[in-house]
Every structure is written in structure tokens, then in C-alpha cells.
Amino acid sequence: SGVWETNPQFPQLCGWMLQCCEAGQFLTSQFIQVLLLRIAFSFALAPDTPGSNDLPVLLRKCFIWKNGIYWGSRKGVEALVEIRDPPQNKEVVVMLRCMSGQEVECARLRSTIIQMVLGAKEKLCPKVPTKEFLLHPSQVREYPLKSLAEQDLISIREVSRAVVEGEMCVVGSNGRSV
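So for the sequence shown, our numbering puts the first residue at 12; every next one is plus one.
Keep in mind that the hints are not guaranteed to be accurate.
To be verified - Pairwise CB distance ranges, derived in the manner of DEER restraints: (1) Pro148 / Phe74: 34 to 42 Å; (2) Pro19 / Arg119: 17 to 25 Å; (3) Arg168 / Leu56: 18 to 26 Å; (4) Ser149 / Ala173: 18 to 26 Å; (5) Glu176 / Ala34: 16 to 24 Å; (6) Arg85 / Arg172: 32 to 40 Å; (7) Glu176 / Trp76: 36 to 44 Å; (8) Glu116 / Phe74: 30 to 38 Å; (9) Arg172 / Leu129: 30 to 38 Å; (10) Ala118 / Ala34: 30 to 38 Å; (11) Cys73 / Gln20: 17 to 25 Å; (12) Lys86 / Lys138: 31 to 39 Å; (13) Gln44 / Glu161: 27 to 35 Å; (14) Glu176 / Cys32: 22 to 30 Å.
Note that these hints are calculated values from the structure, not bench results. Note that beta-carbon positions come from the ideal geometry of N, C-alpha and C, so glycine has one too.
Model the full assembly from the supplied sequences, consistent with the hints where possible.
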């Protein structure tokens, strides 16, 4: 497919998901359109030299489809954002991978994308209850994602609690430690 093919040059993987947590709730079409356009213009279609008044020259791979976007930077970081479970639109998945030595750049990009997702959600569908998860790295290796089981999701709330309480690992609801 050309999107997120297995590549040993990108050993560092991370994934995050925002999921609607109540039956009958979903992320609106307006949210999806605004989010994907913001991401496209901020990252995938942004000029390679900020501040330039010239038309942007894309020096990166970029794929856009009806419910997602993928792009790779010249800094050795690749990102994919997709709304999963159409037509219900219940999940936003963010997947990133990077070359060794680009972990900080990858973490910065992940943080910025997650802020964009949460900001758009808060502005465009604030009453939709959601939960945040980290995806187990084994799930981020291939695209498209297979259906995610509970053991593949690591609750952000549980990670925060474990850090505050000084625990060395997070134990999921299935008893598996991460």
C-alpha cells in the first residue's frame, strides 16, 4: 500500500489512541475534517523552510485518504493519524516511528499531534466522553492496525497513577505488566 510498510530503519515505535467510551457517542464529521486539515497544513503540507513566501516544496512522502493522513519528515520521523471504526468514528489513532537518534524529535511531534487532537476534540465535540491509551508497540509495527484487544491498550490514567505512586510498571486489567 505504500503506507507504513515494515522498515527496519525505523526501530522506535509509539502509538496513542483517543477512544469514545460510551455507546451511542462518536466523533463528529466536522471534528474529523478539521483535525485532518489542521494536521495536513501543519505538518504534511507545511513548507520545508518556515517563513518562506514561496509555494511549499514537499520533500517528503505524504498520503491522505478520507479518514487519515501519513507523512514522513526528512528528520527521520514518520507519522500516521487515522480515525478508526468508520462510520461510527469512535477512535483516533496516532502512530509514529523514527530512526535511532531521532527519539526526541519523535516525542516532540507526538506531543504536538496529541495536543492538536485533544484541542480539536474539546472545541468541536466537548461533550463526547473519551479515554486515552498508549498502544502496545507490537501493534504499531504494521498498518492497517488489526483490531485492538484490551491487552494492546495501556490506559494513560493508569500510567499517570503508577508514576505518581512510584510504581515500576503498569499492570493492565488483564494482569499483564507493561
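For each hint, the structure was consulted:
1. With their beta carbons about 22 Å apart, Pro148 and Phe74 fall outside the hinted range of 34 to 42 Å.
2. Taking 17 to 25 Å as the suggested C-beta distance range, the pair Pro19 and Arg119 conforms, at roughly 23 Å.
3. A beta carbon spacing of about 34 Å between Arg168 and Leu56 contradicts the range 18 to 26 Å that was offered as a hint.
4. The supplied range of 18 to 26 Å is met by Ser149 and Ala173, whose beta-carbon atoms lie about 20 Å from each other.
5. Between Glu176 and Ala34 the beta carbons are some 32 Å apart, a value that contradicts the proposed interval 16 to 24 Å.
6. With their beta carbons about 38 Å apart, Arg85 and Arg172 fall inside the hinted range of 32 to 40 Å.
7. Between Glu176 and Trp76 the beta carbons are some 42 Å apart, a value that agrees with the proposed interval 36 to 44 Å.
8. Between Glu116 and Phe74, the C-beta spacing of about 21 Å breaks the proposed range 30 to 38 Å.
9. Between Arg172 and Leu129 the C-beta distance comes to about 19 Å, which lies outside the given range of 30 to 38 Å.
10. Here the CB-CB span from Ala118 to Ala34 is close to 34 Å, well matched to the stated 30 to 38 Å.
11. Between Cys73 and Gln20 the beta carbons are some 18 Å apart, a value that agrees with the proposed interval 17 to 25 Å.
12. Checked against the given bound of 31 to 39 Å, the beta carbons of Lys86 and Lys138, roughly 38 Å apart, stay inside it.
13. Distance hint check for Gln44 and Glu161: the Cβ-Cβ separation is about 30 Å, which falls inside the suggested range of 27 to 35 Å.
14. For the hinted restraint 22 to 30 Å between Glu176 and Cys32, the CB-CB distance of approximately 23 Å keeps it satisfied.
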